[in-house]
Amino acid sequence: MENKQTNFAKLFFSTAMVVLFGAIIYGIWAAISYIYPGFLKTQLGFIALRPMHASAALFWILLGATAAVYEGLNYLFPNQINQKIAWTQWALWVIAIVGIFTSYFLGQFGGREYWEFNPYWALPIALAWLLFMFQFFSLIRKKRNWPVYMYMWMTGIIFFLFTFAEGYLWLFPYFRKELITDLTIQWKVNGSMVGSWNQILYGSSFYLMDRITGNEKVGQSKLAFAMYFLGFFNLCFNWGHHVYTLPTEPYIRYFGYVVSMTEWIIFIKIIYDWKADWQQATIHLYNIPYRFIMAANAWVFLNLFLALFMSIPAINLYTHGTHVTVAHSMGTTIGINTMIIFAMAFFAYEKNNPRDLKEKIWLRRFFWTMQISLLVFWLSLISAGIQKGFWQLEANKNAFGDMMLNLKPWFILFFISGITLGISISGVLFQLLKAQFAKPIKTSN
Amino acid sequence: MQFKPIYFFILICTGFLVYSFSIYMYPPTSMNGLTNDEMTNAAEGKMVFQKYNCQSCHQIYNLGGYLGPDLTNCYSQEGKGELYIKAMVQSGTNQMPAFRLSEIEINALLQFFKAIDKTGSSDLRKFHIEPNGMIESNGK
Ligand code: HEM
Ligand code: HEM
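These protein sequence lines map, in sequence, to chains A and B.
Numbering follows our numbering, in which position 416 of the first sequence is assigned residue number 416; successive positions increment by one, without gaps.
Numbering follows our numbering, in which position 10 of the second sequence is assigned residue number 10; successive positions increment by one, without gaps.
If you're looking for bench data, these hints aren't it; they were derived computationally from the structure.
Hints may be right or wrong, so weigh each one.
[To be verified] Listed below are the simulated DSS-like cross-link pairs for lysine-lysine, each with C-alpha atoms no more than 25 Å apart in a straight line:
hint : chain 1 : residue 1 : chain 2 : residue 2
1    : B       : K4        : B       : K51
2    : A       : K41       : A       : K143
3    : A       : K222      : A       : K275
4    : B       : K118      : A       : K360
5    : A       : K143      : B       : K4
6    : B       : K140      : B       : K51
7    : A       : K41       : A       : K84
8    : B       : K140      : B       : K118
9    : A       : K222      : B       : K4
10   : A       : K397      : A       : K275
11   : B       : K126      : B       : K114
12   : B       : K86       : B       : K51
13   : A       : K41       : A       : K408
14   : A       : K275      : A       : K10
15   : B       : K4        : A       : K397
16   : B       : K80       : B       : K114
17   : A       : K41       : B       : K51
18   : A       : K217      : B       : K114
19   : B       : K80       : B       : K140
20   : A       : K41       : B       : K140
21   : A       : K397      : B       : K126
22   : A       : K142      : B       : K126
23   : B       : K51       : A       : K397
24   : A       : K397      : A       : K434
25   : A       : K217      : A       : K275
26   : B       : K114      : B       : K140
27   : B       : K118      : B       : K80
28   : A       : K397      : A       : K408
29   : B       : K126      : A       : K275
[Unchecked claim] To give a feel for the contact side, a few chain A residues facing chain B, derived at Cβ under 7 Å:
hint : residue
30   : I47
31   : Y114
32   : E178
33   : G219
34   : L223
35   : A226
36   : T245
37   : P247
38   : R291
39   : H320
Just so it is clear, CB atoms sit at the ideal spot from N, CA and C, and this is done for glycine as well.
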């Protein structure tokens, strides 16, 4: 039967892909300032490029997460997605994106880190998300005994909206005046918001594994729910690890510290399950979505190890405010979030186009250059960060500018690996784009 | 009895809300050195800081961009202070663009730097490590 409904997973994936391509161009452009200080600073310099890059990166993740949920909803509730709501949601996103990038381009700011646009533009995003939430709840209430990934999607969708709104409390003078509380809230928001989109994406990866392996019992198991609640608990309460040096009341820092340490459980579980996962992997390795999920898992392992150490205040003293933090942010948003979105996107397109995507030689090459570039990228930022960390604690430190000059070799490595990373990601994007426009292959049965 | 995840969900949400509101309502003691007027003026200056996107390169309490130095205590550091900040903002550096701020904006910005400086120190050398791994500031 011909399906007349728009495929919203694909609509949101393709929109997200355009934004990701922008993020890569802006990221490379921004990085030029590390090599040639003041690059185009009076025309379109770092001051505009950093927000363009960071916002584009976040929008890629949010649109990708939206697409991933639509992919799931489409399967669980065939032909029941409310078209008008989904189209309006999409249109609001497009309005916001066009408005935000135009204003950055014109040098108009006024927001907070990552959301540096005039707060005005937050409205269409909030509305779009509200519609998404409405769509989601009107569908899932039809089902009983939700598998764990539906809880994860729900948690992520609700908490994104909450933290997004909380991130604008500074508009009220009551909050703005309390300088330290205001900064605390800003990082409370960032911490919990990252947790929210992670819930959506980890949920999607769970859903995907269910579909690929055909083992639907896993999504109902007690262990799966225990892990979900551990993640959810961390989403709510681990953000204190951002503000160890801020003069807050001590309980905030201690609470963040203790809660963050509970994630060692996840780390140990990964090591414990390693063998079984590897055996599964050898069975499914031909499968492209599965391969991206395996890459995401490897990056979870590396990044979690780093993050757990950074969450110990005594070590955070050395990494705070340095490029170790940047390595962590990009390591996680690229290594974990982006890999999961790619997995979901290939899954969505593969059904359309099974043979075409299976054994693509270029896809494999780009996959591996992406992993290797990211590793070099990540390590060069960590190295620069550690060096700066020691500088921050030196008794007689030399000038900031001299320190930055000493880091230059690491920045050059960062820049070069950033370019190869950008090329690899674009290569993967190109394969997805081809699948988007390819004619579906008729499977004879 | 059947396991009902939704109850757990509601429990954690409630905890989250209670914790959030306790943070909104009880300011830390580090703010005690500031008068109400100082806080109001500093908030205006913070808006200038945002309007010109200083945070893309600069940090406050080591949070923010990475291309420039932390500015938490630039108001009171040796050899810096009001005139220095003003000169920096107006003329820029090799990396930093020159900004054309109005007199009102620059004064507000200075009020912000003055107030944030009073709340504590972001200098990591002024912290010590507790046996349990926590760090505590030794004061300014
Ligand atoms: C996919 C998962 C994650 C993502 C996308 C993510 C993203 C981020 C981002 C964007 C920042 C802000 C960087 C800045 O200050 O400019 C950050 C900071 C931080 N994250 Fe994560 N994070 C993730 C998981 C974790 C986990 C699991 C932990 C701890 C167990 C953690 C610990 C930290 C710490 C300690 C900082 C603060 C660094 C500092 O300012 O000193 N993160 N993260
Ligand atoms: C999927 C692709 C990417 C994602 C999701 C991503 C994400 C991010 C995020 C979240 C930040 C904020 C970091 C923080 O505040 O700690 C950031 C900063 C940055 N990224 Fe990326 N990034 C990507 C690719 C790249 C590439 C290819 C380059 C090229 C070199 C690059 C260069 C930069 C630079 C220069 C910064 C600013 C660091 C600073 O503040 O000094 N990014 N990126």
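Going through the hints against the structure:
1. Taking the CA atoms of K4 (chain B) and K51 (chain B), the gap is near 48 Å; set against the 25 Å cutoff, the hint is violated.
2. Under the criterion of a C-alpha separation no larger than 25 Å, the hint pairing K41 (chain A) with K143 (chain A) is inconsistent with the structure, at around 55 Å.
3. Between K222 (chain A) and K275 (chain A) the alpha-carbon distance is near 21 Å, which keeps this suggested pair within the 25 Å criterion.
4. Between K118 (chain B) and K360 (chain A), the direct Cα distance comes to roughly 60 Å. Violation of the 25 Å bound is thereby established for this hinted pair.
5. Simply put, K143 (chain A) and K4 (chain B) have alpha-carbon atoms about 15 Å apart, close enough for the 25 Å limit, and the pair holds.
6. For the hint pairing K140 (chain B) with K51 (chain B), the CA-to-CA distance comes to about 29 Å; that exceeds 25 Å, so the pair is violated.
7. Straight-line distance between C-alpha atoms of K41 (chain A) and K84 (chain A) comes to about 44 Å, which puts the hinted pair past the 25 Å bound.
8. A hinted pair counts as satisfied when its Cα atoms are at most 25 Å apart, and K140 (chain B) with K118 (chain B) qualifies at roughly 9 Å.
9. About 11 Å separates the Cα atoms of K222 (chain A) and K4 (chain B), which keeps this hinted pair within 25 Å; it holds.
10. Straight-line distance between C-alpha atoms of K397 (chain A) and K275 (chain A) comes to about 47 Å, which puts the hinted pair past the 25 Å bound.
11. With a C-alpha separation of about 19 Å, the suggested pairing of K126 (chain B) with K114 (chain B) holds against the 25 Å cut-off.
12. A distance of roughly 17 Å separates the Cα atoms of K86 (chain B) and K51 (chain B); the hinted pair therefore holds under the 25 Å criterion.
13. For the proposed pair K41 (chain A) and K408 (chain A), the alpha carbon gap of about 19 Å is at most 25 Å, so the pair holds.
14. Between K275 (chain A) and K10 (chain A), the direct Cα distance comes to roughly 35 Å. Violation of the 25 Å bound is thereby established for this hinted pair.
15. Straight-line distance between C-alpha atoms of K4 (chain B) and K397 (chain A) comes to about 57 Å, which puts the hinted pair past the 25 Å bound.
16. Only pairs whose Cα atoms come within 25 Å are accepted, and K80 (chain B) paired with K114 (chain B) is accepted, the gap being roughly 12 Å.
17. Restraint check: the Cα-Cα separation between K41 (chain A) and K51 (chain B) comes to about 17 Å, which is no more than 25 Å; the hinted pair holds.
18. A C-alpha spacing of about 60 Å is found between K217 (chain A) and K114 (chain B), which places the hinted pair above 25 Å, so the restraint is violated.
19. Between K80 (chain B) and K140 (chain B) the alpha-carbon distance is near 16 Å, which keeps this suggested pair within the 25 Å criterion.
20. Restraint check: the Cα-Cα separation between K41 (chain A) and K140 (chain B) comes to about 35 Å, which exceeds 25 Å; the hinted pair is violated.
21. Taking the CA atoms of K397 (chain A) and K126 (chain B), the gap is about 14 Å. The hint holds against a cut of 25 Å.
22. Distance restraint check for K142 (chain A) and K126 (chain B): the Cα-Cα separation of roughly 57 Å exceeds the 25 Å cut-off, and the hinted pair is therefore not satisfied.
23. With a C-alpha separation of about 32 Å, the suggested pair K51 (chain B) and K397 (chain A) falls outside the 25 Å cut-off, and the hint is violated.
24. Proximity of K397 (chain A) to K434 (chain A) is assessed by CA-CA distance (about 53 Å); at most 25 Å being required, the pair is judged violated.
25. A C-alpha spacing of about 21 Å is found between K217 (chain A) and K275 (chain A), which places the hinted pair at or below 25 Å, so the restraint holds.
26. In summary, the hint linking K114 (chain B) to K140 (chain B) is supported, as the alpha carbons are separated by about 14 Å, within the 25 Å threshold.
27. The hinted pair formed by K118 (chain B) and K80 (chain B) meets the criterion: a straight-line CA distance of about 15 Å does not exceed 25 Å.
28. At roughly 18 Å between alpha-carbon atoms, K397 (chain A) and K408 (chain A) fall within 25 Å of each other, so this suggested pair holds.
29. Distance restraint check for K126 (chain B) and K275 (chain A): the Cα-Cα separation of roughly 46 Å exceeds the 25 Å cut-off, and the hinted pair is therefore not satisfied.
30. Annotation: I47 (chain A) was flagged as interfacial toward chain B, and the flag holds, the nearest CB pair being 5 Å apart, inside 7 Å.
31. Checking Y114 (chain A) against chain B by beta carbon gives a least distance of about 10 Å; that is not within 7 Å, so the hint is violated.
32. Annotation: interface hint on E178 (chain A) holds; nearest CB of chain B at approximately 5 Å, less than 7 Å.
33. Taking 7 Å as the C-beta contact cut-off toward chain B, the hint placing G219 (chain A) at the interface is violated, the least distance being around 12 Å.
34. Interface restraint check for L223 (chain A): the shortest CB-CB distance to chain B comes to about 12 Å, outside 7 Å, so the restraint is violated.
35. Because the smallest distance between the Cβ of A226 (chain A) and any Cβ of chain B comes to about 10 Å, over 7 Å, the interface hint for this residue is violated.
36. For T245 (chain A), the interface hint holds, the least distance from its beta-carbon to any beta-carbon of chain B being 6 Å, beneath 7 Å.
37. Evaluation of the P247 (chain A) hint against chain B yields a held restraint, the C-beta minimum of about 3 Å falling below 7 Å.
38. Taking 7 Å as the C-beta cut-off, the interface hint given for R291 (chain A) is violated, the closest approach to chain B being about 31 Å.
39. Annotation: H320 (chain A) was flagged as interfacial toward chain B, and the flag holds, the nearest CB pair being 5 Å apart, inside 7 Å.
Of the hints listed earlier, those the structure fails to meet are numbers 1, 2, 4, 6, 7, 10, 14, 15, 18, 20, 22, 23, 24, 29, 31, 33, 34, 35, 38, in rising order.
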